[in-house]
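Under our numbering, the sequence shown has 31 at position 31, and the numbering climbs by one with no breaks.
Among the hints, a few may not be true.
[What the hints assert, rightly or not] Pair by pair, the computed Cβ-Cβ distance ranges are:
#1 Leu71 x Met13: 40 to 46 Å
#2 Asp59 x Glu27: 24 to 30 Å
#3 Ala40 x Ile16: 18 to 24 Å
#4 Leu44 x Val65: 19 to 25 Å
#5 Gly70 x Met1: 43 to 49 Å
#6 Tyr23 x Leu47: 25 to 31 Å
#7 Thr3 x Ser56: 15 to 21 Å
#8 Gly70 x Ile48: 32 to 38 Å
#9 Ile9 x Leu50: 15 to 21 Å
Keep in mind the hints are simulated off the structure, nothing from the lab.
Cβ coordinates follow ideal geometry from the N, Cα and C atoms, glycine included.
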Amino acid sequence: MITTLSVVIIGFMFIIIDLIPMYQNKEWTSFFLSVALLAAALVLVILIDLKIKIPSPSDYIEKAVIFIFGLE
1 MITTLSVVII
11 GFMFIIIDLI
21 PMYQNKEWTS
31 FFLSVALLAA
41 ALVLVILIDL
51 KIKIPSPSDY
61 IEKAVIFIFG
71 LE
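With the sequences and hints as input, model every part of the structure.
Below, the structure written as structure tokens:
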């Protein structure tokens, strides 16, 4: 619970310090990328805090590399 609360507080600070000026300056690419990464981080922290098992992406990355380069 402390982890989620601290990430939410840091997220709000990030929004105030970084995202609002990006929005006002109409830096849309940076703004939407930052919002997407912040949302993903918040979702992951909540899932981890609720003790929900998150699958590792390494298996999928390994399969993609084997498919692309034809390795075995």
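**Study point:** Violations among the numbered hints
**Key:** Per hint list: single violation, 2.
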